[in-house]
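Protein chains: 4
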Amino acid sequence: MKHGVMRPGHVQIRVLDIEEAVTHYTDLMGLIETDRDDQGRVYLKGWTEVDKFSVVLRKADEPGMDFLAFKVLDEQTLNKLEANLNAYGCATETVAAEELKGCGRRVQFVAPSGHLFELFADKEQTGKWGVSNVNPEAWPRGLQGMQCTRFDHTLLYGPNVEACTQLFCDVLGFGLAEQVVDPDGNKIGSFMSVGMKAHDIAFIECPEKAKLHHTSYFLESWESVLKAADLISMTDTNIDIGPTRHGLTHGQTIYFFDPSGNRCEVFCGGDYYYPDHEPITWKAEDLGKAIFYHDRVLNERFLSVLT
Amino acid sequence: MKHGVMRPGHVQIRVLDIEEAVTHYTDLMGLIETDRDDQGRVYLKGWTEVDKFSVVLRKADEPGMDFLAFKVLDEQTLNKLEANLNAYGCATETVAAEELKGCGRRVQFVAPSGHLFELFADKEQTGKWGVSNVNPEAWPRGLQGMQCTRFDHTLLYGPNVEACTQLFCDVLGFGLAEQVVDPDGNKIGSFMSVGMKAHDIAFIECPEKAKLHHTSYFLESWESVLKAADLISMTDTNIDIGPTRHGLTHGQTIYFFDPSGNRCEVFCGGDYYYPDHEPITWKAEDLGKAIFYHDRVLNERFLSVLT
Amino acid sequence: MKHGVMRPGHVQIRVLDIEEAVTHYTDLMGLIETDRDDQGRVYLKGWTEVDKFSVVLRKADEPGMDFLAFKVLDEQTLNKLEANLNAYGCATETVAAEELKGCGRRVQFVAPSGHLFELFADKEQTGKWGVSNVNPEAWPRGLQGMQCTRFDHTLLYGPNVEACTQLFCDVLGFGLAEQVVDPDGNKIGSFMSVGMKAHDIAFIECPEKAKLHHTSYFLESWESVLKAADLISMTDTNIDIGPTRHGLTHGQTIYFFDPSGNRCEVFCGGDYYYPDHEPITWKAEDLGKAIFYHDRVLNERFLSVLT
Amino acid sequence: MKHGVMRPGHVQIRVLDIEEAVTHYTDLMGLIETDRDDQGRVYLKGWTEVDKFSVVLRKADEPGMDFLAFKVLDEQTLNKLEANLNAYGCATETVAAEELKGCGRRVQFVAPSGHLFELFADKEQTGKWGVSNVNPEAWPRGLQGMQCTRFDHTLLYGPNVEACTQLFCDVLGFGLAEQVVDPDGNKIGSFMSVGMKAHDIAFIECPEKAKLHHTSYFLESWESVLKAADLISMTDTNIDIGPTRHGLTHGQTIYFFDPSGNRCEVFCGGDYYYPDHEPITWKAEDLGKAIFYHDRVLNERFLSVLT
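Chains as they are written, first to last, in the working numbering: chain C, 1380 to 1686; chain W, 1380 to 1686; chain B, 1380 to 1686; chain S, 1380 to 1686.
Rather than coming from a laboratory, the hints here were simulated on the basis of the structure. A hint or two may mislead.
Treat identical chains as interchangeable: a pair holds within one or across any two.
[What the hints assert, rightly or not] With a straight-line cut-off of 25 angstroms between C-alpha atoms, the simulated PhoX-like cross-links for lysine-lysine are:
id, residue 1, residue 2
1, 1588, 1480
2, 1662, 1459
3, 1662, 1606
4, 1381, 1438
5, 1381, 1459
6, 1606, 1381
7, 1566, 1459
8, 1438, 1480
9, 1480, 1606
10, 1566, 1438
11, 1606, 1588
12, 1566, 1480
13, 1662, 1588
14, 1381, 1566
15, 1606, 1566
16, 1381, 1662
17, 1381, 1480
18, 1588, 1566
19, 1381, 1588
20, 1480, 1431
21, 1588, 1431
22, 1606, 1459
23, 1438, 1588
These figures come from a predicted structure and were not determined experimentally.
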């Protein structure tokens, strides 16, 4: 949080069928629907999140990610970061407040990977779902399915990982927690954290621009990962891989697909990060173990990414 | 235990290199070495087992299982079961007491699948390893690796699953806990229990006789399965599949190979069985989900079995 | 199961208010209501139990246990055990089939502790709740609260523990898994198993006859014990002690009270038992550690028992 | 981290006997001894901590805490915070670099509660213990006892909780994550976070100055808390309370004492914090549930604190 960026604030995901998607993200994954808007977009959040929403589903002709936004400390920080982006040579555009219901103005920019990002300072706070701010219980009754606690991070594929890393570290104050380096010393994977999490945003080098690998959601425990896996099977959901552990970050994880083909991860655990931590380096030739610590090979499906 | 058979008492496994095998079963899996004999065989057990040993490693030119033995209530029960086997048309031979150190006489027979089985009534009891019979602590300090608690069961491949099932149920008092049935109604998999465990012995139909699919060892918890998976990776052990859950029995599991190529399973959980339980039936066309509940497909390696 | 007794089949519990009790045992504990009868009794079971019911609630003026029943292999076994009880000097009475709906005739006897016990061979089987016998899923969706899987055992207080132990072992084929012995060598606690469970019935010496200490229900995991503890707090349920581990059996546990004052236990884990296991002995002077392994002292509430 | 303070960097604890204390913090709790100095002080750390040490044991005539230090981003931040403390009216003193081996200069100040605090920017980094920065394994083999991963936080008792809260929030950039408020609206407990952790420092109002309630260490999972509890019993260590959950922060926890009488906590889980979170408020009249979520009463021992 060196430059006032707090956390991933929301992601807008394209889905082919809104109601199928809502069923997937709420009944199966346990996110909470908090609103819909005139455009037909659906707003969701995990139960521990204090802001009104963190995931937006938009009907479209093909799956993928529209944009990923980060929440910053306050309006003053937002102005300063906008200026710094511009000074860095990164153009910005402003989206008016309330274009997303309950969200203040958003400053958008395109990273060298081709992905669209946003910064914002204000969003309506509705508090944690189902628990009070006074004498709060440990968890709310009535959670569904996987009981995801929060939207956590996104892994993106695109070109110019090194340039993206510099932009996020130098201008936005992220830290490079882990990296994948090829035998020539090129950074082909970059996992960056803006708080204490193992990562808040990750890039993997890929010639095509603006690809989404997955959005990720946090669970309470390794037992929650097992129950998520069970639910994937019970609901005939398309699984990718897991339960397993990552080498990178050492989180415990499972991957699967929403009905539109967007990959979702639910995970628990994982390392923590502070700005004085040396980056962890994974060798590209050991990428199998870096990604799937137990199998130590990449499955083919994992390598596929969306437009 | 309707006919006095209590549990799997020991399995003798063929390994290509004794010391490599000992390292695998003790350092990695956490079994305890309890003795060696003149033939160079090594005796092992899990820490919760009261008998002197449950696993015997024998150096041989090819991997596989020599025999699987069941412990019966007492000598009188052993005599009666021997007579009943003979009356059923199943020839028996006796191995003298102390051919395995500390073990009483063993009655051997060959099942229609081609596998060699044994029954015995007496074995030296050395008690649980590292804990007392008076005011016992919850677990002993000094356990290694996966901390396997006991040898649990074996899955065997061979012909005549139906005949094997009848022999074990009718003569030895096992119950059919779960079965796999093909579209013609043939039983191609049989999972039988002689106590409350999900199974003590399992057969899968295969034209070749006397094949070993895997020996299996019990762990405390799903977290133990994760740590077992981690250790497999840390020690560059050849993994088969997991962590995952079985459909059959619903146990939580991981498979890997010993240095000789014998498949090992460590698992936790799983259903319990009583003699009045109706058999659970899995359809052969859903065998993927029956075996690997999360992936719902069989990996090719799983289908390979040893001589 | 040496003499054909399989397991605890049902317990009838006295409660002061039926609907309050049903809410406790279903909403909070997750048992399933399966029937009611003309007397107003309510029939419950855990979701993994194949018989129609295992817990019966009866409205009465004071809490406690009416009787505990064990299911035996078949009618022939029932007749033989009845004869053996009589031969042992233990009078029996028969309750007609269908006095409990769906249950065959029950053979009742009073143990030297003053408690009423039953044996029965037949009960309507409705199968596991919410899962099929064909390709069964890992668990049913829609379970409530603590999601108890089964009625497991009962701990009873009364005189003549030694005589009760002999009756259950000699006539009914139980094994003495664990015992508490005072400095004079008297058995003041007896934990007996009729299958592989750590215990199916337990007695602790007490001058008053026919006291109930608690009924106990099985959970999946230590995490389930945590969530049970959370639910106890969220519902303002009267807690006794836990989460903790027992020294005896080493199960992981929590105790609390139903609205009528009947103590309930939910637990997971614990040792397994075979008939050739030497009894584990706990010294009476270390009873604190035997009961509550972590605190190593008995709380006063634990010592209180019901009529 | 709004003002550049990263985390609790070290705590110096007074113990009556150094070797007994080392055995407690290493053999039992699993901290790693990393150095000793001329004064006989012993330096320890959890295996995930990158700095050389985080706990210092000093032989003294009575137990308690000498000081608690926070690591800041860099020397420039240290200078600025020093100036800001002085400007706030809080006097500072400097301890020369290397007074603690491997640690740069430390800026000390006394809070209104009477406790001595430190800030520092530099400490020798020895990296995580037993794992590499390149292709790191999930965890190192050879960890002992409870396998504590890091020193996490401290709870202090003393006067002027409100003033301490203002100092830490206004000058050092902490956020008030949770508070305990009495019926008159006075803040009698303050739990503050400087990163994403549920808290990094906590104060509870008490007339006596400079008391230590406990130092706290982080574990991986609720199963680790169970094993910690088992080890407390196996080693006849003096337990305070647990395993249980806190209402405040919702972490899962157990308390016990080192041989000198210093209270230690090991815990896992717990809520996360961001600077835009509203403070959680616990009512003083519900302090029992706030502290021990399951029992909902304070045990007497918990209220005792050290000089």
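#### Entry: Status of residue 1480 relative to residue 1566 across identical chains (alpha carbons, at most 25 angstroms)
neither (38 angstroms within a copy, 36 angstroms between copies)
### Task
Please work out whether the CA atoms of residue 1438 and residue 1480 approach to 25 angstroms or closer within one copy, between two copies, in both situations, or in neither?
within (17 angstroms within a copy, 54 angstroms between copies)
### Query
Between the shortest in-copy and the shortest cross-copy C-alpha distance, which are at most 25 angstroms for residue 1606 and residue 1459: within, between, both, or neither?
Intra 44 angstroms, inter 45 angstroms, cutoff 25 angstroms: neither.
### Query
Which holds for residue 1588 with residue 1431 at a C-alpha limit of 25 angstroms: within a copy, between copies, both or neither?
Neither. Shortest intra-copy (30 angstroms) and inter-copy (42 angstroms) distances fail the 25 angstroms Cα cut-off.
### Task
Give the relationship of residue 1381 and residue 1662 under a CA distance limit of 25 angstroms: within one copy only, between copies only, both, or neither.
Neither: 28 angstroms inside a copy, 34 angstroms across copies.
### Task
Evaluate residue 1588 and residue 1566 at a C-alpha cut-off of 25 angstroms and name the case that applies: within, between, both or neither.
within (17 angstroms within a copy, 53 angstroms between copies)
### Query
Is it within a copy, between copies, both, or neither that the alpha carbon of residue 1381 lies no farther than 25 angstroms from that of residue 1566?
within (23 angstroms within a copy, 30 angstroms between copies)
### Same-copy or cross-copy closeness of residue 1381 to residue 1459 [CA-CA at most 25 angstroms]
both (13 angstroms within a copy, 15 angstroms between copies)
### Task
Using 25 angstroms as the alpha carbon limit, work out where residue 1588 and residue 1480 are close: within a copy, between copies, both or neither.
Neither. Shortest intra-copy (29 angstroms) and inter-copy (50 angstroms) distances fail the 25 angstroms Cα cut-off.
### Message
For residue 1381 and residue 1438, with the copy left unspecified, which applies at a CA distance of at most 25 angstroms: within, between, both, or neither?
### Response
For residue 1381 and residue 1438, the Cα distance exceeds 25 angstroms both inside one copy (36 angstroms) and across copies (38 angstroms).
### Message
Treating 25 angstroms as the Cα threshold, decide for residue 1480 and residue 1606: within, between, both or neither.
### Response
neither (33 angstroms within a copy, 35 angstroms between copies)
### Task
Since the copies are identical, ignore which copy is meant and state whether residue 1480 and residue 1431 lie within 25 angstroms (CA to CA) inside a copy, between copies, both or neither.
Classified as within: same-chain Cα gap 9 angstroms, cross-chain 48 angstroms, threshold 25 angstroms.
The structure shown violates the earlier hints numbered 1, 2, 4, 6, 7, 9, 10, 11, 12, 15, 16, 17, 19, 21, 22.
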